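Engineer: One letter stands for each residue in the lines below.
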Amino acid sequence: MAATTHIGRSTRRVDGRAKVTGEAKYAAEFNTPGLTYGYVISSDIAKGKITKIDASDALSLPGVLQVFTHENAPRPAYFDRKFKDDDSPVGEKFKPLYSAEIQFSMQPIGLVVADSFEVARYAASLVKVEYKAETPETNLRKKPKGHKAPTGKTGFTPPKSRGNAAKAYKNAEVQFEAEYYHMPEHHNPMEMFASTVIVEEDGKLKIYDKTQGVANSQTYVTNIFGLSKEEARVINPYMGGGFGSGLRPQYQLYLAVMAARELNRSVRVVLTREQMFSFGHRPATLQTVSLGATKDGLLQAIKHEALGETSRFEEYTEVVVNWAGMLYHCDNVELGYYLRNLDTYTPLDMRAPGSVTGIAAFETAIDELSYKVGIDPLELRLKNYAEKNEFEGKPFSSKELRACYAQGAARFGWAKRPAQPRSMREGTKLIGWGVATGMWDAQQQKSAAKANLSVDGKLVVGSSTADIGTGTYTAMTMIAAETLGLPLDAVTFKLGDTTLPVAPLEGGSWTVASVGSAVKEACEAVAKKVFKMAKDVKDSPLSGASFDEVEFVEGKVQLKGDYSSGVSIVEAMRAGEVNFIEEETTTMPNMLKQMQYARNTHSAVFVEVEVDEDLGQICVRRVVSAIAGGRVISPKTARSQILGGVVWGISMALEEESVLDHHFGRFMNHNLAEYHVAVNADIHDIDVIFVEEHDDIVNPLGAKGLGEIGIVGVAAAIGNAVYHATGKRVRELPITLDKLL
Amino acid sequence: MNSFSYTRADAVETASREVSNNQTAQFVAGGTNILDLMKYNVERPTRLVDLTRLPLKEIEDTDKGLRLGALATNATTAYDERVEERYPLLSKAILAGASAQLRNMATDGGNLFQRTRCYYFYDTATPCNKREPGSGCSAINGYNRVCGILGTSESCIATHPSDMCVALAALKATVNVTGTEGERTVEFADFHRLPGNEPERDNNLKPGEIVTSIDLPADGERFAKNFTYLKLRDRASYAFALVSVAAALDLDGDTIKEARVALGGVAHKPWRKPEAEDLLKGQKATKENFERVAASLLEGAKGFGSNTFKIELAKRAIVRALTMAVNGQH
Ligand SMILES: Cc1cc2nc3c(=O)[nH]c(=O)nc-3n(C[C@H](O)[C@H](O)[C@H](O)COP(=O)(O)OP(=O)(O)OC[C@H]3O[C@@H](n4cnc5c(N)ncnc54)[C@H](O)[C@@H]3O)c2cc1C
Ligand code: SF4
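Listed in order, the protein sequences are those of chains L and B.
If you count the first sequence from 1, position 320 lands on 320 in the numbering used here, and the numbers rise without skipping.
If you count the second sequence from 1, position 62 lands on 62 in the numbering used here, and the numbers rise without skipping.
None of these hints come from the bench; they were simulated from the model.
Since we're looking at a predicted model, the values are computed, not measured.
Under the rule of at most 27 Å between Cα atoms (straight-line distance), these lysine-lysine pairs were calculated in the DSSO-like manner: (1) L:429 with B:284; (2) B:315 with L:429; (3) L:739 with B:287; (4) L:142 with B:302; (5) L:728 with L:739; (6) B:287 with L:728; (7) L:429 with B:287; (8) L:52 with B:39; (9) L:25 with B:39; (10) B:315 with L:728; (11) L:128 with B:39; (12) L:429 with B:92; (13) L:494 with L:529; (14) L:429 with B:225; (15) B:315 with L:739; (16) L:739 with B:302.
All chains should be built: construct the whole structure from the sequences, respecting the hints.
Structural biologist: Given below as structure tokens:
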């Protein structure tokens, strides 16, 4: 590969300064004269009907403009399809303030609008609501029977079995079966969901919305309220964390737009932390894994079945069990994925949705099997290594998982691992080592981008994508600067605005691959024009050259490797008599080529835990995460993504659960003091390795996307290490200390 | 949060009068608890009397020991050289709680008054006897991982969540209060109360009484060497205790002259039982002896489902804490 100036080199986040100085503004921070404030009233019950709602005390407070409830709120659209968004599951859509019916706890049942936030909040507490409550069902495990999950949600591939797993399992020399469960989890980004809707003089709406896709929010709003795209511009330059929670428009957007239109006033609605527990979450999932193997550990049969929760009105699906058909070589695989409707809100994609869940259970089962057959868990994985993706029946575009295992094991010192559980100790602490595999998709979506190079050598590139903290600004700036041979500070990347060319939702780890490819293509289109002009410069050293023979370096276009042959970009554009060159492109994945291959990222995670023998307290002392994710564009932000994934994996394994009181059908630990996420003191040594992985099939950049793979596999590796330390297998996440007493 | 008026107190007596005369008035010190509760609509005072300008910030030596002004912050107290040297158990307990930011604001007086962390107490959508007397206790048959196992009642099983108070109980601190009827001193063991059938009352103070200072007795210095504050929780920092143990030993060789053990996270008040401590008087510091203390302290403990594990956990924690104290591990 040719030497690069920016790609593959560590650089600081280009938006870092703006973020730490407070210059970066978030959806709830945009102001306008005459702004009003909406405060959402949430339902106390999970199921039933509102029988009476009395807002008279609230309305009599000075400063209150209106209290919207199902009794007086407009119903701008009737059909469910108007409420659809790019990440909608199959089913009916929730329509705020449309009826007296309560379908989930903390359902929004009213919006108070006042001229200050404090008055709106106080007024909301004065609205008297009476209910006719029914008994909710929110316990997935109470009657663990589901129905087959429907297809239809983007990104969902139904499970597909092969061979005859039942028979192979029955005949297998070694059999293993177990049930696994984890609680619902909420995304809990730092920034609350917020929308600031500014009504402009001409009546158009300028909407600052916390979202992972401004185009998605725009479609949602324009469809429901019957607006043209010009009438509703959606902007979101920064996001204080998304993790998937911003993949669907949340109800504060609907409520803010509705109120702004009804009152003809600018309105801001910000949810409270408590209300952040009133929408999507990672669904509670109950799984059964059965493995049949030969005595020496060759997999003969795999059965993996999962039951996930969903709401009464939508069928949320994610890919939970398919991974069991991809991770290892096995001829007999039986997969099943079922849903059960409960009285909660619809779950929502959360970092590596499905994979995190399914692989946590499956990679634990593989570990359990390793003890049954008496083979080192890493060796067992290598023994059953999948050379191709047997689920899709295709070769991998690239798969350097073996290198992940080898480099990870070497860095970790795995070779010294004693086979027996409970064989390492330091005083009262039991020490254990565990390993697990991770897997995620490497996708590319259609995306557009625009590049504008001005004669002063400044490049502005734009696409409507988002930076949810992942480093999109930085990576895109690097790709653009690289393509046109410019310094980073000559490039400005713009995102999060529906006036920019359309990008897909920021999710699925496809942003670098999709938007990055579009940015590259738009910049190349500009480069071609520059090259043409450079050729026409008087006595041009490039006159006989073709585009393939030149490169862009240090503000010049030159014959490859020949620093004496260059024409500066500025000189070329002056000669061409243009002030700027602008190109917009829409980049499609090369489907014909890509379709022939399975495209995935892989990881191997090694963990050392320490467990207090008497008190059950767990400390994850060391993690080595070896990643095969294609070409690494921005090493610093890429490493940060993996670190963040590992941290969240620790959090998921040991701490995170949204606690439901099934009597009330309500999440009870709805604040950050009681919904525990890992804190600094929980995090110790984390080592990230990116193994070399060359791939020219996934996309023109060769990058596979690293947003999600970092979390996959961590929970299983920790649980496996806990077993190795204590001899105790915990099959329910999170592994809190009481489960080890 | 409702609208309220705000006033700054400039004298203890007037502040006390103001609150005792007005049932809907409350004090505010660091504000780290009361303001949260107001935002959750759990506390709805119509008037807030700010104590922070009162001259009660000093930490000073008295003939009885060391006196902590009620308005000294938790951070100042924990890092005070005299506290670190003579009452390190207290430093350790304070630093095991909350976060650096909160400890910078939180006051020693306010810490005594912090309210329970029972999930239902914080959520006005659910019944709770402590918040709305007579409405019922949701925790008893609900999610009670954070609730108590000792001294509970049918109307409330909440815990007092403080770490600092567990150490104060072990050190047998006394609390100086001033009310409209004058000054008095309250033994730490009598400061907080069990829920009984009045769970809305956390302590034995009268309306309007102000804590002016906390006295650490001079003889508490005996425990400056062999002590431990062991806090068990769901993450390594910034979480309330599931169970915590303040253990302090006065040793003569390997013979115990006096032992103090107080538990946090298990009851409506820091849990101490002098008879259990007396089991160690004149005894050797052995695991068996510690187990006897643990069994005695947990006598009558009752679990409610998701918190039942605390009974066994508390026993093990007591044994561990005493063992650590013997070894001088803090
Ligand atoms: C997220 C979070 C985590 C926390 N974690 C922990 C933890 O792990 N361990 C722990 O121990 N604590 C923890 N705390 C609690 C913290 O220690 C208390 O909130 C704090 O000590 C209260 O002190 P304050 O001065 O801020 O009280 P304020 O909030 O100002 O007042 C609380 C109450 O005390 C009354 N009051 C205050 N001073 C006096 C006085 N002198 N006389 C009479 N009445 C008075 C007020 O009227 C009010 O009702 C945590 C708090 C938060 C928010
Ligand atoms: S335990 Fe006490 S605080 Fe908790 S719900 Fe019951 S009465 Fe309320």
